[in-house]
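**Student:** Which chain is which? The protein sequence lines are A and B, in order. Be aware that the first sequence starts at 1, since it is given in our numbering, and climbs by one per residue. Be aware that the second sequence starts at 1, since it is given in our numbering, and climbs by one per residue.
Treat each hint with caution, since some may be false.
Incomplete in silico selection of chain A near chain B, CB under 7 Å [claimed, not checked]: (1) V10; (2) S124; (3) G137; (4) S264.
Everything labelled a hint here was simulated from the structure, so no lab data went into it. Here a beta-carbon is modelled for each residue, glycine too, at the ideal position from N, C-alpha and C.
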Amino acid sequence: MRDVAETIVVGLTVGSTYALMALGLVLIFGVLRSINFAHGEFYVLGGYAFYYAAGTLSISPLLALPMAAVVAGIFGWLLHRFLLGLRPTLSRFNNADYFLVVTFAVAILMESGSLIIFGANYRSAPPVIDTDLQIFGLTLGGARLTAIAGSVIAVLALTAFMRFTFTGRGWRAIAQNRLGAEVSGIDVRRESRSAFVGAVALAAFAGALLTPLFSVYPGAGVQPLATGFLVIVLGGMGSIPGALVGGLLVGLVDTAGVVYISSSYSGIYGFVLMIVVLLVKPVGLFGTKTRVI
Amino acid sequence: MGAALSAVLLLSACGSSESSAPPSPSVDSSVTASEAASASASESAAECSADLEPFKIGILTTLTPPGSYQLGLEAAAAIEGFVDVNNAGDSPAKFEIVGKEDDKNDPAVGRQGVGRLLENGAQAIVGDMSSAIATATQPLVTQQGVISIISGSWADELTDAANPTAFRVGASNSGLALNGILPYVKSLKETDGLTTVGLLTEDSPYGVGVSDEITRLVQEQVPGVTIANAVYPADATDVTPQLLKLKAANPDIVIIAAVGAARNLAVPQAYEVGLAPEAQLIAQWNWPTYPDFWEVVGKDGEGIRYVDFEAPNTPLNTVGQTMADKLGSKPSIWAQWAWDGMEALKAGIVAACSTDTAAVAAAMENISVEGASGTISFSSDEGNYHDRAYMPTYVLNLAKQGDGAADATILFTAPQQ
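Pulled out of the complex, with its shape left as it was, chain A reads as follows (with noise of 0.2 Å):
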């Protein structure tokens, strides 16, 4: 029984670092229809950023947290700004695969760029939470314990933001149908800027909550961009709550199937519940179908 209790505990602390990997890949497609492959180095940037904050600078790890995320979304709106927000010259590229292709680019530019800059030692820095915790003859350490309370308070504060904000309106109102939130007097181009810096942010977010737990160093965004698509589309394609749940399920799914089944197969196991979920529901468990206009 404790072996179980063990089992499912392991299973939802892994799984809560998933969900927190997904987050920024969830509003870019949710609000931009869009696919991000800069996604993981955005990520990575946040983990650098906080490396210097915590670590090398020696600021409170509670500050370093919001100082990452915003040193990112600046590099975002510069990026969006500048590059990404052009409409693109040759005709045959449509939006999504001008996004698609640049990001692309980005990611490989911000890789190399990282080793250069920042060199390929791997570095950690202090976690924001500085306890453990027992729980059945588990220790989950201040890096864990803060990545399980960053997890769940990011997925609530973009819900709410997505809720209760004007602009969160707005993101879901493009969502929902580009051309009718243009009409109804939505800036759909300032917007959507505003939708990829939040998403930059987030993922700049986890990966300055992750740095203590996983360490940073060039080449670290692979994971999060991988992961970060099986939870997303398990989850259901731009569902936030679905990013949560995804993630969870995942990381449950891979821990019993490591522990009950065979560690040779890890991390097969969330692409077959993926499988299974989209058999069911073809749009993930908490996405909705969409008309195209």
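Position chain B against the provided structure of chain A, taking the given hints into account.
**Tutor:** Just chain B now, with coordinates in the frame of chain A:
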């Protein structure tokens, strides 16, 4: 991510690397391969005064995380340093570096890199890389008759009879399992009553290969000791599920065979799931001696044991001192292997008195040359074909936070087989 995806796109755009056959290595043939093989190294060295063309080498190594980039950087510096020192000397063997490629610990990227090096005329591929990269690139190298010097890749099949131009100057999975881990497990069984060995391994040719070898040998030769193993994806950062699985087996020791980021992260995560400190953690190579270990692991790393191939504070021999003078610091064993691979190549060229690739490869089978890490000669036995004849192996301990290789204490010295 960028690297992986760009590799896929480039591969699909350019077609298979194998389909675009690079030009054959340049040939400066003054003797045939069979002639070279029949000549003893010392005789040829004394006789060779030919004005040989520079031997072209290509460096393929891991220069960026999450692979073992520290080792790659050290290896690349050692090879470049060797070429500088050698070319300034009076040896008839000279070298030209035709390119340095970062494999990014990605087999597809590694194959592209090798393709470029071969196109540039590389006659030998050198550098430290993971077994996954070496396994992916070796067919291309062997197909072209190009020499490969294996140092950091431990997969056994890299130097089997199907790869007659591959020579190993570093450790191998089976060699480590047989000469290092097996006697250590036997020793722990006798002294501490060890009953269960946990293996945490990444799903790479290195991780799976070494896990299989240790499992087989312990099951065959150490009755009463059971093996519990857990595998994780090589790019994973959270291995708590695998550690939880190992915890259920209640192991006395856990050997961590890993290269990527999880190698460090597994240590605090083992404490998290309650596996450590009850189970003694053992790193399967000397990664705890690198500075980022303590930054990532903190106090959880205290008391970690690790396997290494040189004793701490071993004085440098003449070759090692030349290396240290060139590189500006005492070289690690990985750098020594990279340097020694070049020494072996040089000895082969001098013995063959030729830069013909086949002649050099044939001559290398008979060399015996002093390198920074000891004598380099290659076995022709079926079991360890073209492997280093002898590799000393130690198990060491880091007692307190911040300790480096110089502070380690030797817990076990594997007996010479």
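**Student:** Compare the structure with each hint and give your call.
**Tutor:** Here is what the structure says about each hint:
Hint status for A:V10: holds, given a least beta-carbon distance of 5 Å to chain B, under 7 Å. The beta carbon of A:S124 is positioned within 7 Å of a beta carbon in chain B (closest approach about 5 Å), and the interface hint is therefore held. With a least beta-carbon distance of about 5 Å to chain B, the hint placing A:G137 at the interface is held under the 7 Å criterion. The criterion of a C-beta within 7 Å of any C-beta in chain B is met by A:S264, whose closest approach is roughly 5 Å, and the hint holds.
Violated hints: none; the structure is consistent with every hint.
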